[in-house]
Structures are given as C-alpha cells and as structure tokens.
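Student: Sequence:
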Amino acid sequence: MAEESQNIIARCRTYVNEVQGEFNKITWPPQPEWVNGTISVVVIVALIATFLGVVDFGLSRVMQTVLG
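Quick note on our numbering: the sequence shown kicks off at -2 and runs consecutively.
If a hint is listed, it holds; no wrong ones were tucked in.
20 Å max Cα-Cα, derived SDA-like pairs, lysine to any residue: (1) Lys22 with Tyr12; (2) Lys22 with Arg10; (3) Lys22 with Thr11.
Derived from the structure by calculation, the hints contain no laboratory data.
Input sequences plus hints: build the corresponding full structure.
Tutor: In structure tokens:
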C-alpha cells in the first residue's frame, strides 16, 4: 500500500511538472489585443441577445394572437 501511494505521488509530481512546462510555452497576446477581442465578443453577444429577445417577443405575441 505504501508503494502504491508513493507511485501516485510521483505521478502527480510528474503531471504538475509537465503542466508547468506547457504553461511556460504559452504566448499571451498584448493587452490592447485581448481588450479589443473582449469588447468585440461582448458587443456581438449583446447584439445576438437583443435580436433573439426581439424574435422571442414577436413569436410570443403571434402565439398569443393565434391561441386567443
């Protein structure tokens, strides 16, 4: 049992070391780039949400009219 727990600990250490190695390979974009990307995503999501809200409202009115 003790050998099995040491094996698990060794595997966990290896995993963490490999994750750190991969994390060090990441190249992060400059701040203006990710700020612009974030703003773009928020605007697109807001536009899509507004469009879907209007469509939902219109369809609910149609269904209320049809069903009386």
